[in-house]
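**Student:** The lines below spell out each chain.
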Amino acid sequence: MSLAALTIHQAGEKLRRREITSVELTAAVFQRIDQTDDRIRAYITLAKEAALEQARRADQQLMRNEMASPLLGIPLALKDNFLTRGLRTTCASKILGDFIPPYDATTVQKLRHAGAVFSGKTNLDEFAMGSSAENSAFFPTRNPWNLQRIPGGSSGGSAAAVAADECIAALGTDTGGSIRQPAACCGVVGLKPTYGRVSRYGIIAFASSMDQVGPLTKDVRDAALLLEAIAGHDPADSTSASRPVPKYSEVLNREVKGLRVGVPKEYFVPGMQPLVAKATRDAIRSLANQGAQIEDVGLPYTEYAVAVYYIVATAEASSNLARYDGMRYGYRAKANDLNETYRISRDEGFGAEVKRRIMLGTYALSAGYYDAYYLKAQKVRTLIKRDFDEAFKRCDVIVTPTAPTTAFKLGEKIQDPLQMYLSDIYTISINLAGLPALSLPCGFDGDGLPIGMQIIGKPFDEATILRVAHAYEQATEWHMKKPRIEDG
Amino acid sequence: MDDGASLSTIAGFPLSVSKMKYEPVIGLEVHAQLLTESKIFCGCSTEFGREPNHNTCPVCTGFPGVLPVLNKKVVEFAIKAGLATHCDIAGSSVLARKNYFYPDLPKGYQISQYERPICVDGHIDVEMDGAVKRVRLTRIHIEEDAGKNIHDAHTDASLVDLNRAGVPLLEIVSEPDLRSREEAGAYLRTLRAILQYLGVCDGNMEEGSFRCDANVSVRPQGSETLGTKIEIKNLNSFRAVESALKYEIERQIETLSGGGLLVQETRLWDEHREETRSMRSKESAHDYRYFPDPDLLPLTIDEHWIAEIRAALPELPASRRARFTAAYALPAYDAELLTSRKDVADYFEEAVKIHANPKALSNWIVGDLFRELKARRLDEQLSITNWPVTAERLAQLVQMIDQEKISGKIAKTVFDAMLDSDQSPQHIVSAKGLEQVSDSGSIEASVDQVLAANPKQVAQYRSGNEKVFGFLVGQIMKVTQGKANPQKVNEILREKLSAGA
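Chains E and R, in that order, are what the protein sequence lines are.
Using our numbering, you'd call the opening residue of the first sequence number 1 and step up by one each time.
Using our numbering, you'd call the opening residue of the second sequence number 1001 and step up by one each time.
Quick caveat, the hints were computed from the structure, so don't treat them as lab data.
Each hint should be verified, as a subset may be incorrect.
If the Cβ cut is set under 8 Å, some of the chain R residues that face chain E in the computed set are [as the list claims (entries may be wrong)]:
{"#": "1", "residue": "Gly1062"}
{"#": "2", "residue": "Phe1291"}
{"#": "3", "residue": "Asp1295"}
None of these values were measured; they are calculated from a predicted model.
From the three backbone atoms N, C-alpha and C, an ideal C-beta is built for every residue, glycine too.
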């Protein structure tokens, strides 16, 4: 087995025991990338030289045994909407051109201090807007389990890189499901923390009130380790919480006996793929077998979540993306005057889906429409939050499917934005409510494509989610399965 | 139906229209740059006059991924201004994004306030010609300034300097309570003095740290409805405000009197041509798409903090003025001038403590000292520290006059000699031999000398022409180099003239 197939905790153990070096581990990852990424296309930018240099420094520290950080010397992939000082950051958009950031995102800085190695920047839907990674301005990424299928999105590159062993673990961002849905599609673990748990500073903003950074990993323990490293208050992000960060990896082994698991009927509806429903119900039964108590809960405002999300998220995006005007950095079209410069730069620089959302959001905020759309959406958002508050009076976690279907075919939904938006019906409410949620593998469909289940927690209770996920993972073997990557 | 429309219906009767008397209705919107050391949402310096784009960072230049962090000092300054103008301070306040495209606005939106500003419902009492007028304030809110576009005449490019982008501003909006340009000017001066007393703004209109937009309409005298509102921008001096208002009020009255119609629009004041020009009409006005900034949590201001700030407020111009007239028996005019600046009022009180002749000190300060401050452009500083003559020295000078050591005339010479010198008035007087001569013997000798030299004038006086008395005094002062005690000179001269008659 290639070293690239290791998890963070497995590789970390070998590194600290000096069975392997970080340079060997990093080289193995790049060898794997060489073998498979021409088909998967998970990466937009590779940083091999810098990564090997970081690995050498990590090895020196490991030799001196200076720092026992679990991430020391571990190759990680970053979604290409994390700002990395000196390393091109595109957000999968032409409008950023060859943008070289002058600073590191807070999360990147934390990982650097922990001694992590960065393999490169992974593909995404442009500005994280999409559920298939097909909205990348450069190329689509393919699902390692089936190259005709999408890897999910928007963190499709990160999910595919983890599934294909093109990195040890990765970071993504999740605004409406962009970590969890690709994690489900690619059969890996993806965690979206509570809004405010992880700093957003240096993440290219899509929808500021929902964007969150989180890990995509090969197992639950890795997700806990990575969250520990990136969570915490950041003075540069006023919306980050100043609560202490628990040692998530140390509570994983506690049993789930007596924990109350809520199951919302609104998440099991006609039209969803039957095997997805079955796999999720089987998973819930497995938790019950371990002593968890199953509770029916209601989330009646669920049906409005997609509509609310596409008003709030697009309104914020229309404003967040105004800075891409061709003036200070990024793409600038040749034009005759100021207005033409704005118009042509933005017309040529942004892709169709991004422009669609800018227009939707601009409309929702316009004078005369604000009350009917934006304000109304915010009110319903409050009701959706209340749904969860009520439900969590009766349970400790809520378990649902992550997505209504397994990975669909490339091109299948790209012409039909509404169908595409429905890929996120199970994940979107969680962002609107600001809650933490994790997706982990719970089976395969008839085509051998992974199925994901979602565990939703109370605000800042990532520890319980991870504990439930870990208990389930220990009882099953889904996470051990690896895709056999076909020849192109 | 507004007044514009009703007037148009009677446009065919110019006589009745032209006889109508109009009343201007004015509201002012002031942007005051706050004297914080760093910008409102990042740590960059607010220092004025650095080379272009020196005071910038990824946050204030709108790089991808950056987030704003509110400078607490800005909130404190806003609360200070709100308390000093009798506003209600909101317990919870929201920062909002104002969206529009312009190269001097790096994020494509300005972080400002829309609903729920920090301060609402205040007022300022403005004193004018002895009467007090209460001007209501709608709101005071905080926001970030934009950068500056520089249009380079040598190339066809425009340059952008973002040093000012993110400098904190207060926007202070008055109700349309002002009825003349003079009232508008008095309101602005009063507001500026308050902000200067608080130490939150240097009030420099020329450098743009105290800017003003005016909303003005006119309506028939006695009417209760408002006319068509015109906004005037680019008013960057007190003179500009008053001239632009004069021009605009006349223009509006002329238009309406001629049976014309006014459209709601924004007009720009052109200082060189002395006229307002149409900038954009309401139809083409921006839709700023305000919404609460999701990057900043709602601002909570607790009662204790407000109480702390209230307790630390300095004495404000109005109460200091009242105290000056009462405690120092100064005329209202003097009190007004002395308290128009906190540093000047402090200077005055320091001098009074050393020598208690308030009126004489006031005369020196508003006369000779003010002239020097203006000449040295020291009046442009928020707080003068390098006074051309210290309060102590000025007090000593007045004391020497009052003790008849020097004459008022000689004192002017001594004052000039003290400017930028390290010497006390006593030292200058004795070094230059400027002490007043009051000794009768020596004055008598000078009088005799002058009488002997001017027999013709002496004869004229004695034959009843008293006008030559002044001439003779002048001659004596000349002979004594101005040092003779004028009172003594008068006495002795009169004595000698009548004795010889």
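**Student:** Next, verify each hint and record whether it holds.
**Tutor:** Against the structure, the hints come out as follows:
Given hint, Gly1062(R) at the interface with chain E, holds; its Cβ is 4 Å from that chain's nearest Cβ, closer than 8 Å. Using the Cβ-Cβ criterion of 8 Å, the hint placing Phe1291(R) at the interface with chain E is satisfied: the shortest such distance is roughly 6 Å. Given hint, Asp1295(R) at the interface with chain E, holds; its Cβ is 5 Å from that chain's nearest Cβ, closer than 8 Å.
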